[in-house]
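A.B. asks: Chain by chain, the residues run as shown.
2 protein chains.
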Amino acid sequence: MRVLALLDGTHVDPESPLLRADDLGVQRGDGVFETILAVDGKPRELQPHLDRLRRSARLMDLRPPEDADWHRAVGAVLEQWPWESEPELAVKLVCTRGVDGGDGTPTAFATGQSLSAELLRKRDEGVSAVTLERGIDPDLTERAPWLLLSAKTLSYAVNMAALREAERRGAEEVVFTATDGSVLEGPTSTVVLAEGNTLVTPPPSAGILRGTTQGALFRAASTAGWNTSVEPVSVERLRTADGLWLASSIRLITQVHTLDGERVTVDPELHRRVRGIYEAQY
Amino acid sequence: MRVLALLDGTHVDPESPLLRADDLGVQRGDGVFETILAVDGKPRELQPHLDRLRRSARLMDLRPPEDADWHRAVGAVLEQWPWESEPELAVKLVCTRGVDGGDGTPTAFATGQSLSAELLRKRDEGVSAVTLERGIDPDLTERAPWLLLSAKTLSYAVNMAALREAERRGAEEVVFTATDGSVLEGPTSTVVLAEGNTLVTPPPSAGILRGTTQGALFRAASTAGWNTSVEPVSVERLRTADGLWLASSIRLITQVHTLDGERVTVDPELHRRVRGIYEAQY
Chain L
614 MRVLALLDGT
624 HVDPESPLLR
634 ADDLGVQRGD
644 GVFETILAVD
654 GKPRELQPHL
664 DRLRRSARLM
674 DLRPPEDADW
684 HRAVGAVLEQ
694 WPWESEPELA
704 VKLVCTRGVD
714 GGDGTPTAFA
724 TGQSLSAELL
734 RKRDEGVSAV
744 TLERGIDPDL
754 TERAPWLLLS
764 AKTLSYAVNM
774 AALREAERRG
784 AEEVVFTATD
794 GSVLEGPTST
804 VVLAEGNTLV
814 TPPPSAGILR
824 GTTQGALFRA
834 ASTAGWNTSV
844 EPVSVERLRT
854 ADGLWLASSI
864 RLITQVHTLD
874 GERVTVDPEL
884 HRRVRGIYEA
894 QY
Chain Z
614 MRVLALLDGT
624 HVDPESPLLR
634 ADDLGVQRGD
644 GVFETILAVD
654 GKPRELQPHL
664 DRLRRSARLM
674 DLRPPEDADW
684 HRAVGAVLEQ
694 WPWESEPELA
704 VKLVCTRGVD
714 GGDGTPTAFA
724 TGQSLSAELL
734 RKRDEGVSAV
744 TLERGIDPDL
754 TERAPWLLLS
764 AKTLSYAVNM
774 AALREAERRG
784 AEEVVFTATD
794 GSVLEGPTST
804 VVLAEGNTLV
814 TPPPSAGILR
824 GTTQGALFRA
834 ASTAGWNTSV
844 EPVSVERLRT
854 ADGLWLASSI
864 RLITQVHTLD
874 GERVTVDPEL
884 HRRVRGIYEA
894 QY
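Same order as they appear, the protein sequences are chains L and Z. Using our numbering, read the first sequence as starting at 614 and increasing by one per residue. Using our numbering, read the second sequence as starting at 614 and increasing by one per residue.
Since the hints were made in silico from the structure, they are not lab data. You can trust all of the hints, since none of them are fake.
It does not matter which identical chain is used: a pair holds within one copy or between any two.
Using 25 Å as the maximum straight-line C-alpha spacing, the simulated SDA-like pairs for lysine to any residue come out as follows: (1) K735 x G717; (2) K735 x D713; (3) K735 x E808; (4) K735 x R888; (5) K735 x G714.
Every value quoted in this text rests on a predicted model; they were computed, and no experiment measured them.
Work out the full structure: start from the sequences and follow the hints.
C.D. replies: Here it is as structure tokens:
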């Protein structure tokens with residue numbers, strides 16, 4: 614099931630063409646996006662997602678639509694969704710730089726899509742991951758903003774290629790590492806680990822996205838009495854942590870059970886607690 | 614002026630939508646492209662461009678259309694072009710991974726577009742460029758193929774952001790540098806320098822595209838009695854070279870007259886010779 618809505622709230626046939634061949638989103642991957650989970654009619658963390666989209670757009674000198682426009686498009690997607698048969702929905706917001714040589718009006722729309730069976734399986738069963746070099750220095754983000762390291766752009770070919778490399782290695786997910794061996798992020802997720810009563814994630818300053826799901830988890834965990842820490846993390850710590858997860862809007866807090874072919878600690882009770890803390894806030 | 618053709622040779626209105634919202638070219642910058650100059654009805658270096666497109670596709674595990682299909686699409690673009698009023702044309706080939714969750718059929722098309730007045734001005738007058746860190750190690754390409762460093766993908770947001778950074782610095786072009794300070798390439802061009810009777814360009818193994826225009830220039834220069842060398846180049850050598858150019862299909866062999874705010878050697882006679890050697894082969 615797919616639905617597609619424009620910013621004026623109009624529904625459009627998702628199987629009909631929408632973008633011109635010379636749209637810069639197509640020609641150059643020149644645009645930004647966000648993916649948002651909606652459950653039983655309600656989008657999760659909509660404002661943090663809109664804030665991040667705006668931040669990504671600013672890093673790209675792109676003027677995104679107003680929040681009110683996105684609210685209208687998201688509303689149209691939610692309104693058309695068959696909630697009774699499908700209680701969960703992935704909403705994607707896309708904003709490109711518009712047509713090449715045009716007047717600068719961005720192309721923007723919201724789509725809604727069913728969650729695949731494979732995705733739901735990964736949520737339940739966890740994933741095996743491999744570490745892959747991202748080839749960047751962790752202090753590069755501030756020094757070289759043109760590398761767009763902390764923007765969620767439509768230029769995701771490398772992220773997709775990394776996931777194919779994981780598959781070739783018999784795994785399902787990737788943890789990118791920086792040139793100093795420190796942990797960055799997954800191609801479409803944030804790395805979270807538990808050490809005793811502390812949840813840890815690497816800092817956005819290292820050239821990674823601020824995770825909205827990780828942010829929501831840390832907010833709730835903090836209220837529930839956990840310590841939370843945003844700090845550089847070595848790969849070694851992933852192996853010795855009490856729990857390791859990849860957090861993302863749609864896959865939620867997915868447990869990593871295997872890293873580079875070796876089992877890491879999997880504590881079902883801890884996983885239930887962490888997932889529970891996250892879920893309890895919605 | 615714009616024209617648009619599909620692989621079966623059909624002409625399509627370039628101002629009508631062509632791609633679905635869930636095309637992976639739009640959603641993930643997941644595809645490859647080539648830009649080819651055609652002059653007086655003839656495309657230049659078509660086969661090297663098709664070969665490079667195939668190579669880019671292979672690096673992305675993408676199965677591109679057959680050359681015969683591209684020939685048909687390019688033929689349709691050339692056929693519709695008003696050569697008498699516009700003797701030059703930029704032909705772009707685009708191939709995406711197709712629709713998300715689809716049957717894997719790529720989305721492919723060819724467009725034709727007029728050359729902008731600004732582009733023609735740069736060809737004639739040369740450009741000022743700035744060096745910008747690309748943040749990668751030159752020996753990363755082989756070690757980390759998932760970074761797609763030598764594939765011409767649709768994920769060009771960083772290349773575009775670098776050009777905006779150049780503009781902010783009062784320049785028009787960029788020369789990317791690696792972590793060891795060596796020269797890589799421009800965001801959409803290959804770096805070429807002249808030292809005495811030798812033309813020099815950095816090696817593709819450093820994580821850059823093989824330049825089709827640079828390749829054509831070196832082939833012709835070699836026949837014309839020049840030495841050509843593909844070797845690591847320091848930024849310092851750009852400053853002391855007898856001539857410095859950015860080579861690309863559409864802008865051809867564009868002279869760089871200023872690097873990081875300082876004039877570099879501009880020898881109009883040398884420029885005429887080099888451009889002449891390149892042009893003489895067509």
